[in-house]
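When the letters of the sequence shown are read in order and numbered with the working numbering, they come out as residues 1 to 262.
Calculated directly from the structure, the hints in this document are not laboratory data. Hints may contain errors.
As the list claims (entries may be wrong) - Simulated restraints, written as ranges between beta carbons of each label pair:
#1 Arg41 x Asp189: 32 to 42 angstroms
#2 Arg128 x Asn224: 35 to 45 angstroms
#3 Lys103 x Gly8: 36 to 46 angstroms
#4 Lys60 x Lys215: 20 to 30 angstroms
#5 Arg41 x Arg229: 30 to 40 angstroms
#6 Lys215 x Ala53: 28 to 38 angstroms
#7 Gly78 x Asn194: 29 to 39 angstroms
Stated by the list, open to error - Cut-off 30 angstroms, straight-line C-alpha distance, at most; resulting in silico cross-link-like pairs (DSSO-like, lysine-lysine):
#8 Lys125 x Lys85
#9 Lys103 x Lys125
#10 Lys103 x Lys223
#11 Lys140 x Lys85
#12 Lys140 x Lys215
#13 Lys126 x Lys179
#14 Lys180 x Lys126
#15 Lys140 x Lys223
#16 Lys180 x Lys94
#17 Lys103 x Lys215
#18 Lys60 x Lys215
#19 Lys125 x Lys94
#20 Lys179 x Lys103
#21 Lys103 x Lys233
#22 Lys60 x Lys103
#23 Lys233 x Lys94
#24 Lys94 x Lys126
#25 Lys125 x Lys215
#26 Lys223 x Lys60
#27 Lys94 x Lys179
#28 Lys85 x Lys103
#29 Lys94 x Lys140
Glycine is no exception: its CB is placed at the ideal position from the N, C-alpha and C atoms.
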Amino acid sequence: MPHPTYHGFETVIGLEVHAQLATDSKLFSASPNRFGDSPNRNINPVCTAQPGALPVLNRKAVEFAIRAGLATNSRINGLSIFSRKNYFYPDLPKGYQISQFDKPLCEHGWLEIEFENEPGVRETKKIRITRIHMEEDAGKSVHMAGFSLVDLNRAGTPLIEIVSEPDFRSPSEAAAYLKKLRGILQYIDVCDGNMQEGNLRCDANVSVRRVGESKLGTRAELKNLNSFRFLEKAIEYEIQRQINVITSGGQGVQETRLYDSA
């Protein structure tokens, strides 16, 4: 089947899925990895970046990440390295996130999905997975009227980030992939997959180009989409927004955007 088009344009979409690993403790500390407790209860000197506190890697988190790699047909690298991803935000006490960059744990995987771009017409497609790398989650900022609060219970929670190639050409393909990936992670018992609790989150990189062009358009990244329906609606909205910009004579700008479902 040809790719779906939008008034002479086609879309190019890639997904980055963050999945919290269902370990008892955090990635580099013995603090409980538990949702719903009172703010700033599940913390210790490592989570809060106290001077002299040293991280110790959680063996079970590594095993879970490898299990996810095997379940997505990925190559498991014999050598993987953690790096510092520096950024400054109130809910990141260290001023950097421990993540993996040039040497991730898993690479070159794939999943086969089924979807409907047209009602009643089932299609299958192989989606390539660039990498699966491990990292720690940041804390959570709660914005109030005139001030903000910080809850570090989530700081240090073990994550895997599953990065796809830009192989999707429609919102329905992206949603079908996320549904299948969630089901796999739940089946192999490495992630609860509760999107309402932020246990599984998705960022979508979306661009458009005129049909027949080979050069990629300028992408926008849609952050922290936490339901299948919102993923589809956010991508659909972004496609139309970018087409409107181009057809009115403007140019796309690479940027990060949030989706307000209301």
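Here is what the structure says about each hint:
Between Arg41 and Asp189, the C-beta spacing of about 25 angstroms breaks the proposed range 32 to 42 angstroms. At about 23 angstroms, the CB distance of Arg128 to Asn224 disagrees with the hint of 35 to 45 angstroms. At about 42 angstroms, the beta-carbon gap between Lys103 and Gly8 stays in the expected band of 36 to 46 angstroms. Range check, Lys60 to Lys215: about 44 angstroms between beta-carbon atoms, so the 20 to 30 angstroms window is missed.
For the hinted restraint 30 to 40 angstroms between Arg41 and Arg229, the CB-CB distance of approximately 32 angstroms keeps it satisfied. For the pair Lys215 and Ala53, the beta carbons lie near 48 angstroms from each other, so the given range of 28 to 38 angstroms is not met. Distance hint for Gly78 and Asn194: a CB-CB separation of about 33 angstroms, consistent with the stated range 29 to 39 angstroms. Straight-line distance between C-alpha atoms of Lys125 and Lys85 comes to about 33 angstroms, which puts the hinted pair past the 30 angstroms bound.
Restraint check for Lys103 and Lys125: satisfied, since their Cα atoms lie roughly 28 angstroms apart, inside the 30 angstroms limit. In summary, the hint linking Lys103 to Lys223 is supported, as the alpha carbons are separated by about 24 angstroms, within the 30 angstroms threshold. Proximity of Lys140 to Lys85 is assessed by CA-CA distance (about 18 angstroms); at most 30 angstroms being required, the pair is judged to hold. Taking the CA atoms of Lys140 and Lys215, the gap is near 38 angstroms; set against the 30 angstroms cutoff, the hint is violated.
For the suggested pair Lys126 and Lys179, the alpha carbons sit about 15 angstroms apart, so the restraint of at most 30 angstroms is met. The straight-line distance between the Cα atoms of Lys180 and Lys126 is roughly 12 angstroms, inside the 30 angstroms bound, and the hint therefore holds. With a C-alpha separation of about 15 angstroms, the suggested pair Lys140 and Lys223 falls inside the 30 angstroms cut-off, and the hint holds. Of the supplied pair hints, the one linking Lys180 and Lys94 is violated, its CA atoms being roughly 35 angstroms apart against a limit of 30 angstroms.
In summary, the hint linking Lys103 to Lys215 is supported, as the alpha carbons are separated by about 28 angstroms, within the 30 angstroms threshold. A distance of roughly 42 angstroms separates the Cα atoms of Lys60 and Lys215; the hinted pair therefore is violated under the 30 angstroms criterion. At most 30 angstroms may separate the alpha-carbon atoms for a hinted pair to count; Lys125 and Lys94 exceed this at roughly 42 angstroms. Pair hint Lys179 plus Lys103 holds up; C-alpha atoms about 27 angstroms apart against a cutoff of 30 angstroms.
With a C-alpha separation of about 34 angstroms, the suggested pairing of Lys103 with Lys233 is violated against the 30 angstroms cut-off. This hinted pair checks out: Lys60 and Lys103 have alpha carbons roughly 20 angstroms apart, not beyond 30 angstroms. The suggested pairing of Lys233 with Lys94 is violated, with an alpha-carbon distance near 35 angstroms, which exceeds 30 angstroms. Between Lys94 and Lys126 the alpha-carbon distance is near 39 angstroms, which puts this suggested pair outside the 30 angstroms criterion.
This hinted pair checks out: Lys125 and Lys215 have alpha carbons roughly 22 angstroms apart, not beyond 30 angstroms. At most 30 angstroms may separate the alpha-carbon atoms for a hinted pair to count; Lys223 and Lys60 meet this at roughly 28 angstroms. Between Lys94 and Lys179 the CA atoms are separated by roughly 34 angstroms; this puts the pair beyond 30 angstroms, and the hint is violated. At most 30 angstroms may separate the alpha-carbon atoms for a hinted pair to count; Lys85 and Lys103 meet this at roughly 14 angstroms.
For the hint linking Lys94 to Lys140, the alpha-carbon distance of about 14 angstroms falls within 30 angstroms, and the restraint holds.
Of the numbered hints listed earlier, those contradicted by the structure are 1, 2, 4, 6, 8, 12, 16, 18, 19, 21, 23, 24, 27.
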